[in-house]
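S.K.: Work out the full structure, taking the sequences as your base and the hints as a guide.
Protein chains in written order, with the numbering used here: chain A, 1 to 363; chain B, 1 to 243.
Derived from the structure by calculation, the hints contain no laboratory data.
Do not rely on the hints blindly, as some may be mistaken.
[Unchecked claim] Capping the alpha-carbon separation at 27 Å, the derived lysine-lysine pairs in BS3-like fashion look like this:
#, chain 1, residue 1, chain 2, residue 2
1, B, K190, B, K58
2, B, K161, B, K190
3, B, K219, B, K9
4, B, K58, A, K235
5, B, K219, B, K233
6, A, K235, B, K161
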Amino acid sequence: MSVVREAIVADASGEADEAMAEGTAAGQGRAGRKVLPIVEGVVLVAALLAPLVLQDYLTVFATRVIILALFALSFDLVWGYAGIMSFGQALFFGSAGYGVALLARDLDITNIFLVLPAGTLIGLTFALLLGGFLLLGRHPSSVIFVSLGTLTGSYAADRLARGWYYLGGQNGIPSIAPMTVGGYEFTEGPAFYYLVLGILTVVYLLCRFLVRSQFGLALAGLRENEQRIAFFGYKVQHLKAIIFAIGGAVAGLAGSLYAFHEGFVWPNMVGVVVSTQVVLYVLFGGSGTLVGAVIGAVIVEGVSFWLSDNYRDIWPIILGLLLLLVILFRPLGLISFVLGERERVGSFGAKAKKNIKEKRNAP
Amino acid sequence: MLLEAAGIKKIFGKLTALDGAALTVGENEFHGLIGPNGSGKSTLMKCIAGAEVPTQGKVSFINTDITAFTPTERARAGMSLKFQITSVLPSLTLYDNILLALQAQSSLFDLVFSRTRGALHDQVMTMLTQFRLADRAFDAAAALSHGQQQWLEIAMALAGKPRLLLLDEPTGGMSLEERRVTGELLQPIKQHCSLVIVEHDLDFIRDICDRLTVLDQGKVLASGTVSEIQANKSVQEIYLRRA
Numbered sequence: 001m002s003v004v005r006e007a008i009v010a011d012a013s014g015e016a017d018e019a020m021a022e023g024t025a026a027g028q029g030r031a032g033r034k035v036l037p038i039v040e041g042v043v044l045v046a047a048l049l050a051p052l053v054l055q056d057y058l059t060v061f062a063t064r065v066i067i068l069a070l071f072a073l074s075f076d077l078v079w080g081y082a083g084i085m086s087f088g089q090a091l092f093f094g095s096a097g098y099g100v101a102l103l104a105r106d107l108d109i110t111n112i113f114l115v116l117p118a119g120t121l122i123g124l125t126f127a128l129l130l131g132g133f134l135l136l137g138r139h140p141s142s143v144i145f146v147s148l149g150t151l152t153g154s155y156a157a158d159r160l161a162r163g164w165y166y167l168g169g170q171n172g173i174p175s176i177a178p179m180t181v182g183g184y185e186f187t188e189g190p191a192f193y194y195l196v197l198g199i200l201t202v203v204y205l206l207c208r209f210l211v212r213s214q215f216g217l218a219l220a221g222l223r224e225n226e227q228r229i230a231f232f233g234y235k236v237q238h239l240k241a242i243i244f245a246i247g248g249a250v251a252g253l254a255g256s257l258y259a260f261h262e263g264f265v266w267p268n269m270v271g272v273v274v275s276t277q278v279v280l281y282v283l284f285g286g287s288g289t290l291v292g293a294v295i296g297a298v299i300v301e302g303v304s305f306w307l308s309d310n311y312r313d314i315w316p317i318i319l320g321l322l323l324l325l326v327i328l329f330r331p332l333g334l335i336s337f338v339l340g341e342r343e344r345v346g347s348f349g350a351k352a353k354k355n356i357k358e359k360r361n362a363p
Numbered sequence: 001m002l003l004e005a006a007g008i009k010k011i012f013g014k015l016t017a018l019d020g021a022a023l024t025v026g027e028n029e030f031h032g033l034i035g036p037n038g039s040g041k042s043t044l045m046k047c048i049a050g051a052e053v054p055t056q057g058k059v060s061f062i063n064t065d066i067t068a069f070t071p072t073e074r075a076r077a078g079m080s081l082k083f084q085i086t087s088v089l090p091s092l093t094l095y096d097n098i099l100l101a102l103q104a105q106s107s108l109f110d111l112v113f114s115r116t117r118g119a120l121h122d123q124v125m126t127m128l129t130q131f132r133l134a135d136r137a138f139d140a141a142a143a144l145s146h147g148q149q150q151w152l153e154i155a156m157a158l159a160g161k162p163r164l165l166l167l168d169e170p171t172g173g174m175s176l177e178e179r180r181v182t183g184e185l186l187q188p189i190k191q192h193c194s195l196v197i198v199e200h201d202l203d204f205i206r207d208i209c210d211r212l213t214v215l216d217q218g219k220v221l222a223s224g225t226v227s228e229i230q231a232n233k234s235v236q237e238i239y240l241r242r243a
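M.R.: Below is the structure:
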């Protein structure tokens, strides 16, 4: 894991100097050189190589981190792109985890082609229900209303899971059977790692397509000035509910992978702590970039892992200080060391830009 | 009539901002809304556009009662508003600002799958060219001068092909030259769109408007053609009194 982390950090610090040298010019309008694809490529290559250089127990840890990165994507979609402050993202993550755990325990369903869609669907359904209630009023709901509503939802689910005997109460559901495809069982290790990495890559590419489409442009309008785009005729509540539901589905997918990887689910998985954790990943890495969420999850988890090993007693304090420093001095996250504001927001008519340049050069 | 607002009353706490104001605008008419500071011009605009809900009164647009419509529903019915404070999206390019406005009524499928090629691209560039912003299409909107931002915002308000455009102080903060150009830019839209314009610059209003409504203390003081209003004694009085 440390290799991955160092690779990313080294890459970040290497390019940071350049970005500093260019000063704000990089952020202003020089969209010529694209940094984002480079960062994405480096992260993917590092992730592909990780199991080759990591010891087995670290590959297991890395698998967990990749699943959490997938979870972080779901929060980046709703907060980083649509500006919906969801403090209850774990509700979709955990309820899907519980859902697939019950499928495995009570119905012996562990086939990957059944459990993963089921988990995704559970996340989607819960997000539609909660999102419908919180977001689909006749008039746009306030940020406070939505964040408190999602927080309460997550908290209530946590209490419910703790008190419900069928769900195992405080202990949750232990010893979930492994996920299967045909006769093969996915147990912890490189195969599971590459499976979740493959899923993360596919989901990442789908999200990337979505946020760079004109739907993504509408989302940019939504987070920058919701009232303004309502006056253009955008159905802002619908846009929000849709992206919230997509976020819920991604969180559900991550939650079902998590349940099978860890082999058990417990009430924390739907609760406020995990909901907050995902917020930290995204703020730390940099919201509204997708790759920032992935980097944030990797670094926060990697650093806590390393700290808890080396500073057994005071590591949470060190981690807390680190997070605080980043949020104070880099409110746009670590990614902002290499990524200018202009590129972060992106250009939605980029293809047309080339056409114009060609047309200008033609005569 | 395209727009008919009648008996509009708006009370903020103890303040009565509008007290039975009315406004009628015909097809392809440029209508100026004038009056001293605090006479309720902006509030009336907001009640028409849906940014404020009137305490009392009725707004009809193309023979439909839209009093209870949300801003989104009004926009989809063909009404468009340029805010008094410029609210272009500063971090987006000019091109994307226009595209955002242009796509406001597209289906979700179109939003996800359409790309700016062909017709859509031409539409964006036509709007930008019409408002003399084409050469800055790929700059961030924040980099524009104040006047250019106002033009961009008018272009955005027109992108959805509205039947009625509400402009709240379009020339605020503009130089004389920029004001003149703004007048020129607005002329061609008369073929397909009516205009209600709130403006302090009376010369500007006189040059481009067909009819005027004068508000004073939340009530209509006078309404008529530009020459009728100019000849009106009580209008002259309130402007002299304030001057």
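S.K.: Find the hints from earlier in the document that the structure breaks and name them by number, from lowest to highest.
M.R.: none
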